[in-house]
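Asks: Residue numbers (the working numbering): 14 to 343.
Hints were generated in silico from the structure; no laboratory data involved.
Just so it is clear, CB atoms sit at the ideal spot from N, CA and C, and this is done for glycine as well.
Please note that a few of the clues may not be correct.
27 Å max Cα-Cα, derived DSS-like pairs, lysine-lysine [what the hints assert, rightly or not]:
#	residue 1	residue 2
1	K322	K251
2	K251	K95
3	K322	K311
4	K95	K311
5	K251	K311
Here are the in silico distance ranges between beta carbons for each label pair [stated by the list, open to error]:
#	residue 1	residue 2	range
6	D219	D318	22 to 28 Å
7	A31	T248	21 to 27 Å
8	S285	S52	28 to 34 Å
9	T248	R55	43 to 49 Å
10	T273	R38	17 to 23 Å
11	P173	A31	19 to 25 Å
12	A125	P314	31 to 37 Å
13	R276	G54	43 to 49 Å
14	E151	T273	46 to 52 Å
15	T15	T273	17 to 23 Å
16	S247	E122	18 to 24 Å
17	E102	G54	26 to 32 Å
18	T248	E122	16 to 22 Å
19	R154	G54	35 to 41 Å
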Amino acid sequence: MTDHVRIGVLGAAMITPAAVLRPARSSTVAEVVAVAARSTGRAQAFADKHGIPRVHGSYEELLADPAVDAVYNPLPNGLHGKWTLATLEAGKHVLCEKPFTANAAEAAEVAAAAGASGLVVMEAFHYRYHPLAVRIDEIMRSGVLGPLRHVEASVCFPLPVFSNIRYDYSLAGGAMMDAGCYAVHMARLLGGEEPEVRSARALLRDPSIDRAMRASLRFPSGHTGSVHASMWSSTVLKLSLKAIGENGTLSVFNPLGPHTFHRLSLRLRNRSSAETFGRRATYAYQLDAFTDAVLHGKPFPTTADDAVKNMTVIDSIYRAAGLPLRQPTA
């Protein structure tokens with residue numbers, strides 16, 4: 014076993030510098046060694062800009078590169094499943110951007126392949142690896158709030174550029190896929206169980222694409238939940254979590270990017286407290302967890318099996334809103 018993880022990147026996505034390049038520069042056990050794009054020129058330009066030593070003119074070439082141990086997959090949503098499967102077939106570990114696949118059926122296919130391979134497959138819910146999310150999980154598991162009554166998660170931000178791939182149905186786009194996958198994941202973290210979708214309502218960009226979505230949930234133990242996702246609506250910016258129990262309330266501002274600013278407030282019957290954590294990036298913690306899993310077999314929360322559960326809720330929300338499920342890109 015090697016003492017570090019050599020990462021290859023599929024595509025030249027805008028998220029890549031923040032997600033893996035900058036964290037790898039400060040890591041002693043990870044390095045980005047190669048990039049592939051739809052053309053060699055595109056890959057070369059990206060490599061020159063970011064100091065990546067190896068360039069491939071196709072994704073297949075990168076997967077065949079023996080100098081690559083693991084692959085970061087930030088391709089459009091509809092291509093996540095296809096290229097994660099191809100990476101596993103090539104015998105390499107995968108850090109796959111969210112949402113994991115186009116729908117739950119495809120997620121189940123990838124999860125089965127991941128389980129059979131023995132390789133690490135991590136869905137890149139970077140927020141989940143920050144100390145803030147670890148503390149949220151700790152509070153919810155402690156039972157300090159008492160029996161839960163309601164949980165809610167909102168991930169809303171403005172993206173009025175409608176030519177963006179996030180609005181493209183052929184690439185498995187939509188607000189529920191992009192912002193909503195986070196909101197669903199956070200609601201599941203707070204709720205502690207897998208919810209049933211009771212209702213959903215979308216604001217549409219076109220007949221197949223949601224620009225915003227609200228959904229109502231119910232958990233097996235009886236508590237309710239709500240998720241709100243938006244890329245363009247009257248709710249311009251809202252990044253928050255709340256869990257209400259019989260004994261108190263947990264509120265979190267900006268669980269998604271806590272390295273910029275955040276606040277955790279816990280109000281119980283007899284006391285209130287507020288907590289903040291450090292400014293280290295969520296992506297750095299995520300890369301730590303990924304390399305620990307690859308090198309040392311350390312368990313992690315955003316597994317392929319967890320991704321199937323998250324995509325199952327997303328599919329149910331689309332059905333409840335009367336919209337078609339997203340499909341893998343041909």
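Asks: Hint by hint, note whether the structure agrees.
Replies: Okay, the hints, checked on the actual structure:
1. K322 <-> K251: 24 Å, holds
2. K251 <-> K95: Distance ~32 Å between K251 and K95 Cα, so the pair is violated.
3. K322 <-> K311: 21 Å, holds
4. K95 <-> K311: Between K95 and K311 the Cα gap is close to 26 Å, so the pair holds against 27 Å.
5. K251 <-> K311: Outside the cut-off at roughly 34 Å; violated.
6. D219 <-> D318: 22 to 28 Å: The hint (22 to 28 Å, Cβ to Cβ) is violated, given that D219 and D318 are roughly 33 Å apart.
7. A31 <-> T248: 21 to 27 Å: With Cβ atoms ~24 Å apart, the hint holds.
8. S285 <-> S52: 28 to 34 Å: Violated - the Cβ-Cβ distance for S285 and S52, about 56 Å, lies outside 28 to 34 Å.
9. T248 <-> R55: 43 to 49 Å: Once the Cβ atoms are compared, 36 Å apart, the range 43 to 49 Å for R55 and T248 is violated.
10. T273 <-> R38: 17 to 23 Å: 19 Å, holds
11. P173 <-> A31: 19 to 25 Å: With Cβ atoms ~22 Å apart, the hint holds.
12. A125 <-> P314: 31 to 37 Å: 19 Å, violated
13. R276 <-> G54: 43 to 49 Å: 45 Å, holds
14. E151 <-> T273: 46 to 52 Å: 22 Å, violated
15. T15 <-> T273: 17 to 23 Å: 34 Å, violated
16. S247 <-> E122: 18 to 24 Å: 38 Å, violated
17. E102 <-> G54: 26 to 32 Å: Holds, since E102 and G54 (Cβ atoms, about 27 Å apart) stay within the stated range.
18. T248 <-> E122: 16 to 22 Å: 35 Å, violated
19. R154 <-> G54: 35 to 41 Å: Between R154 and G54, where Cβ atoms are some 50 Å apart, the hint is violated.
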